[in-house]
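Chains as they are written, first to last, in this note's numbering: chain A, -15 to 319; chain B, -15 to 319; chain C, -15 to 319; chain D, -15 to 319.
Bear in mind the hints are in silico, worked out from the structure with no lab data behind them. Hints may be right or wrong, so weigh each one.
Just so you know, same-sequence chains aren't split out, so a pair can sit in one copy or run between any two.
[Unchecked claim] DMTMM-like cross-link-like pairs, simulated, lysine to aspartate or glutamate; straight-line CA separation at most 25 Å:
1) K265 <-> E194
2) K265 <-> D(-14)
3) K210 <-> D260
4) K287 <-> D177
5) K311 <-> D46
6) K287 <-> D226
7) K210 <-> E7
8) K265 <-> E38
9) K210 <-> E45
10) K118 <-> E45
11) K210 <-> E270
12) K287 <-> D22
13) K118 <-> D39
14) K118 <-> D145
15) K265 <-> D238
Since the structure is predicted, the reported quantities are computational estimates derived from the model, not experimental observations.
If you want the building blocks of each chain, they are given just below.
Protein chains: 4
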Amino acid sequence: MDVNVGVIGYGYWGPNLVRNFAETEGAGALWCAESQPDRRALAQRRHPCATVVEDAQLIMEDPAVDAVVIATPVSTHFTLAEQALRNGKHVLISKPMAQTAAECQQLIDLAQQNDLVLMVDHTYIYTGAVRRIKELLTTAELGDLYYFDSVRVNLGLFQHDVDVIWDLAPHDLSILAHLVPDMPREIAATGADHTGSGHVDVAYLTLHYENSFLAHCHLNWLSPVKVRRVLVGGSRRMLVYDDMEPSEKVRVYDRGFQVTTREGMYNTLVDYRTGDMWAPKIETREALTLEVAHFIECVRFRKAPLSGGATGLAVVRLLEAASASLKAGGQRVAV
Amino acid sequence: MDVNVGVIGYGYWGPNLVRNFAETEGAGALWCAESQPDRRALAQRRHPCATVVEDAQLIMEDPAVDAVVIATPVSTHFTLAEQALRNGKHVLISKPMAQTAAECQQLIDLAQQNDLVLMVDHTYIYTGAVRRIKELLTTAELGDLYYFDSVRVNLGLFQHDVDVIWDLAPHDLSILAHLVPDMPREIAATGADHTGSGHVDVAYLTLHYENSFLAHCHLNWLSPVKVRRVLVGGSRRMLVYDDMEPSEKVRVYDRGFQVTTREGMYNTLVDYRTGDMWAPKIETREALTLEVAHFIECVRFRKAPLSGGATGLAVVRLLEAASASLKAGGQRVAV
Amino acid sequence: MDVNVGVIGYGYWGPNLVRNFAETEGAGALWCAESQPDRRALAQRRHPCATVVEDAQLIMEDPAVDAVVIATPVSTHFTLAEQALRNGKHVLISKPMAQTAAECQQLIDLAQQNDLVLMVDHTYIYTGAVRRIKELLTTAELGDLYYFDSVRVNLGLFQHDVDVIWDLAPHDLSILAHLVPDMPREIAATGADHTGSGHVDVAYLTLHYENSFLAHCHLNWLSPVKVRRVLVGGSRRMLVYDDMEPSEKVRVYDRGFQVTTREGMYNTLVDYRTGDMWAPKIETREALTLEVAHFIECVRFRKAPLSGGATGLAVVRLLEAASASLKAGGQRVAV
Amino acid sequence: MDVNVGVIGYGYWGPNLVRNFAETEGAGALWCAESQPDRRALAQRRHPCATVVEDAQLIMEDPAVDAVVIATPVSTHFTLAEQALRNGKHVLISKPMAQTAAECQQLIDLAQQNDLVLMVDHTYIYTGAVRRIKELLTTAELGDLYYFDSVRVNLGLFQHDVDVIWDLAPHDLSILAHLVPDMPREIAATGADHTGSGHVDVAYLTLHYENSFLAHCHLNWLSPVKVRRVLVGGSRRMLVYDDMEPSEKVRVYDRGFQVTTREGMYNTLVDYRTGDMWAPKIETREALTLEVAHFIECVRFRKAPLSGGATGLAVVRLLEAASASLKAGGQRVAV
C-alpha cells in the first residue's frame, strides 16, 4: 500500500522534500503544512493535487496520514516528532534531530515502543560521493585513517534559532560518523559572533579519538566563497571530496610516506611517495531522491533506516558537547 | 660600497638566496658554506665565482664578509647568528628566527648594541599579493576585520628538527602579524603525530584577540593536495588570497551582511549583500628578489628592515605559546 | 486573461518548459503531448492537474489552447509550428527554429498575417550572464570587438536527426547574433564523423565579417570534459564567459595592447597592458523562467519577443551556410 | 670529453638554455653572444665564468666551440645554422627550425654530409606530460584516435618577425607530430590581424588526414587568459592535457560510446559510457634539462636526436602550408 505523507514546513528545504515525495513510487497522497501564506500558495501551485494547509495539527490528526516529515526550525523538532509518533505516524526529521540528546533518546524510545520508523534526514550520506568513499574505507583502500578535515563555508544563510555549528556541522558530523563509526572521546569548539546575534557565525571543531586519528571542521557563515571540501588522510592513500566540483567529486591520491629508522642514528627518515590520482565514477542521482525512496521502503517493510534515530542522536551528542566546549572557551569536553 | 655576503647552508632554501644575492645590485663577493659535498659541488657549478667552503667558520672569521645569511636548520640559528653579530656582521636569518623568544631577544639586543642590521627572512610579506592586501587593509577596504583563516597543507617536507607548526606556521603568522599588528592574547594548538617521529604532522592553531577577531591556521604535512589559501572576512568586504592561483591570487568580494533589528521583535534580521568580485593587479616580481635587495639597502644605509628582529620575535613568541598549548592538550595559552 | 499553453514533447527539454509554464504567473491551464508512455506517466505524476495526452493533434485542435510550445525533434518543428499558427495559436519553438531558412520565413510570414506571437527558445540570451555581457558591449566597455571564440564540448548527447552543428551551434550562434548584430558575410565549417552515423560529431565553425572581427565555434560530442566557454576580445578590455563556473561566470580583464610606431624604424612596437580583473554580479534566476514569463507577456500584450522569428531565422541561415560549407570540404560559403 | 657550447641570443629563451648548459654534466666551457648590452651584462652577472661576447662570429670561428645553440629570431636561424654546420659545429636550433622547408632540408643535408648533430628545440616533447601521453598512445590505451584539439592562447608576446602561427603553432605541431606520426594531407588556416602589424594575431589551424582523424589548433596572442590545453579523443578513452595545472597535467577519462544498429531500424543507437578518471604520475623534471642532456649525449655519442632535423622539417612544412592557406583565404592546402 502506498504511504501517505504529510510534510510540515515549506521553507528552504521543504520544497525539495515535497517534490521528491510527489515523484517517489510508493508515496501516496501528499499533505503540506506551512504557516506563511505566500509559501503555501507556491506549494499549492507546484503541487495542485496536494492538500496544502496552514495548521500542522490537521496533518497530525488526520488518520489517513501514515508518515510525517518535519522540515521546520530545530526548536520545534522534538514537539512535532513526539506528537507524530504518539499519533502512530512514522517520522522523518530534518537535521539536526532535536535540541538535546535527551530529546533524541525519548524519540527513539517512543518509536521503538510503537514500532514506528524514525529517520533523520542526513542527506549527505545518501550522496553517490559519500557512498563511494564508504566503500573505499570498507575495503581499506586508504589504509589506517589519519585525519578527517572538512571545510564548509559560504555566505549565509543565518538560521535565527541556532548558531553556525548547529546549522552546518550536522552535515560533516553525519558524514564523519558514517565513515568512521568510532565515537570521538572529546570535542573542542571555538568560534566568534560578529553580528551580535548571540550565535557564533564562524566556528572550528576538533574531535579527539582514542587513537591519534584527528577530525576537524571549519564552519563559517561569513565566507566570500563557498567551499565544501573534505580531506581524508590514510596510511596507504588519501582522498579529497570536493562537493563543489561538477564531476570527479572524489579524488583518491596514491600518496603517502614511509618511515625508516637508520641504525645508529637519532633521526628517523621520512620518504614521501607520489603516485597516480584516481577519480572513481560517482553515481549522480539526487541524494534526496534515494533517501526518500529509502524512507518509503523502511516504512513499508519496517526496515531499520541507514540514518535512523541512533545516527541522529550521535550527531546531537556531538553538537551538545561542542556547545559546552564553546561556552567553556574551547576546552575539551567529553562526548 | 658593495656588500659582501656569506650564505650558510645550500639545502632547500639556500640556493634561492645565493641566486638572488648573486644577481642583486649592491651585493658584492659571495661566499657559501655547506657541509654536504654534493650540494657544495652544485653550488660551485652554478656559481663558479663564489667561494664555496665546507666550514661556516671560514665565513664567520673572514673580515671581508659584511653580512651573513643563515639558511640552516632552526636549531643552529641562534648560535650562528650570535657569532656573526659578535663578529660585526649583519645578519639575515631564515624563518623561524630562533628556537625561543629569549634567544630572539638576545639577538635583537646584540644587533642594536653593535649597530648591525638584523633581518628575518619572512619571504611572504614581500610578495606582491601580501603587499597588495596590506594596502587594502590600510585603506580600510574591508571595513572591520572579522577573521583570518589560513590553510597551508601539502605532502612533506618533513623537517627533522621541528614539527609542522614550527615548519609551516611562520609563514602564516608572519603574514598575519604584518596585516594585523595587534598581538593575540591567547593561542590554542592541537595536532597529531602519525609517523611516530615525536613531532605533530597535522596541526590547527587558533589565535584569540582582545576583540572578536579570530585567526586560525590549518597546517598539514600529510595532505594529498597542496593548498595555500587565506580567507579574510571584513564588515565591508572579504577576500581570498590563493597562492596556488597562477594569476589573480587576491580576489576581493564585495559581499557582506547587515543586521537590522525589527522593533518589538525578538529576532534580529540578517540580510546578505552580494556584489562584484574584483582581482587587483598584483606585482609578479619574485618576492625574494625584492627582499634581498631590501636587505642590501638596509645594510648600506643602516635602515630598519620591514621584517626585522621584532617581527621575528613576535612570530617565535606565537610559536612558543602554540607549543605550550599543544603540550597542554589544546588549552589556551597566553602569548 | 491567463494564457492556456500546450507543450508538445516531454523528452529532454520539455520537462523544463512544462515546469516553468506550470509556475509562471499568467500561464493558465496546461496541456502536454508526448508519444512515449513512460514519459507521459512521468509528466502526469509531476503535473497531476495538466492534461497529458498522447496525440499532439488534441492540443492543436483544442480551441481552449492559446499557445503551443514545440519541444520535439527539429525535423518536426516546421510542420507543427505551421499548423499551430494556422489554428490561431501563438508559438514558442525550441532551437533551431526549423530545418531551412525558407521554412523559418514562412513561419514568420504566417505569424505576422495572423497577428500571432512567434518566438524561438534561444534560452542563453535570457541568462544573467549574456544579459550582463550585452550591457558591457552596449556601453562599449570592451572597445572595438576583435573576436568571439566559443567552445561547447561534452560527451553526448547525440541527436539522431541532426549533426553536432545543428545540435550545439544554435546556442553559440544565438549568443553571438545577440551580442554582435552584424551578420557575418561568410562561414566555413569543417568536421568529422567518427561514429559512422552520417553526422559530424566534432566540428569547427569560422565566421567572417566585413571587418577584421572573427568568430569561431568548437562543437564536440566526443569530449571527455564539459566545456562551455566564450572568449571575447576587444581593444579596451577582454572577457571570459565560463558557464561551468558556479559563480563569477563573466570575468572582465582590463588587458590589452598598444601599438606604437617608432620613427625611422621598420618594426612597430606592441606593448601589453595588464590590469585588474573584475567579475560583475550576475543575476542568478533560471533563464528559462525569465524567458517563459517573457513569452506569456508577449502573448498577452502582443509584444515583439526578444528572440522572435527573425532571430530564429538568422541562426538557421548560419546553420544552412555551415552545412553547405561542410559539404564543400570547408570552403567559405556566403551567408 | 666535455662539449663546449656557444649560445647565440640571450633574449627570452636564451637564458634558460644557458642556465641548463651551465648545469648539465658533459657540457664544458660556455660562450654566449648577445647584441644588447644590458642583456649581455645580465648574462655575465649570472654566469661569471662564461665568455660573453657581442659578436656571434667569435663563437662561429672559435675552434674550441663544439656546438652552437641558436636562440635568435627565426629569420636568422638558417644563416646561423648553415655557418655553424659549415664550420664543423653541432647545432641546436630554437623552434621553428627555419623559414622554409627548403632551408630545413639544406641544413639536414649539410649536417649529414659533415656527420654533425642537428637538433631542434621542440621542448614540449621532452616534458613528462607528453612523454607519458606518448606511452599511452603506444600501448593503445585510447584505442583509435579521433581528434587532437589544442588551445594555446595568452596575452602577448608578439614576435616582430613572425605571426602567431609561426610563434605558437610549432609547440602544438611538434607535439602532434610526435604523438601521431602520420603526416596530414591538407591544412587549412584562418586568422585575423587586429594590430595592423601585417601579421595575424588570432588564428585557427585545421589538419586533415587520410582517415577521419582531425586536428585543430587555436592560437591567440590577444586572449585575456592563458590556456594551454589539448584534448585527445579515442575510441576507448579520451584525455585532457592541461599544461596550466600545477599537478595532474594529464587526465585520462574512461569514457566513450558504442554504436549499435537495431535491426529493421533506420537509426543507429549511440550509447555513452562514463567511467573513472585517472591522472597518471608525471615526471616533473624541467623538460629543457632533459633535452639539453639529450643534446649533449647525442653530440658525444653521435646519436640521432629525438627531435632531429626531420622533426623540425615536418613542423616547418606544416607552417608553410598553413601560411599558404592563410593567404588563400582559408582554403585547404596540400602539405
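Results of checking the hints against the structure:
| no. | hint | result |
| --- | --- | --- |
| 1 | K265 <-> E194 | neither (34 Å within a copy, 35 Å between copies) |
| 2 | K265 <-> D(-14) | neither (34 Å within a copy, 46 Å between copies) |
| 3 | K210 <-> D260 | between (28 Å within a copy, 15 Å between copies) |
| 4 | K287 <-> D177 | neither (42 Å within a copy, 42 Å between copies) |
| 5 | K311 <-> D46 | neither (43 Å within a copy, 60 Å between copies) |
| 6 | K287 <-> D226 | neither (32 Å within a copy, 46 Å between copies) |
| 7 | K210 <-> E7 | neither (30 Å within a copy, 29 Å between copies) |
| 8 | K265 <-> E38 | neither (44 Å within a copy, 37 Å between copies) |
| 9 | K210 <-> E45 | neither (41 Å within a copy, 50 Å between copies) |
| 10 | K118 <-> E45 | neither (40 Å within a copy, 55 Å between copies) |
| 11 | K210 <-> E270 | both (20 Å within a copy, 20 Å between copies) |
| 12 | K287 <-> D22 | neither (37 Å within a copy, 29 Å between copies) |
| 13 | K118 <-> D39 | neither (41 Å within a copy, 47 Å between copies) |
| 14 | K118 <-> D145 | neither (33 Å within a copy, 37 Å between copies) |
| 15 | K265 <-> D238 | both (17 Å within a copy, 9 Å between copies) |
In the structure shown, a violation is registered for the earlier hints numbered 1, 2, 4, 5, 6, 7, 8, 9, 10, 12, 13 and 14, in ascending order.
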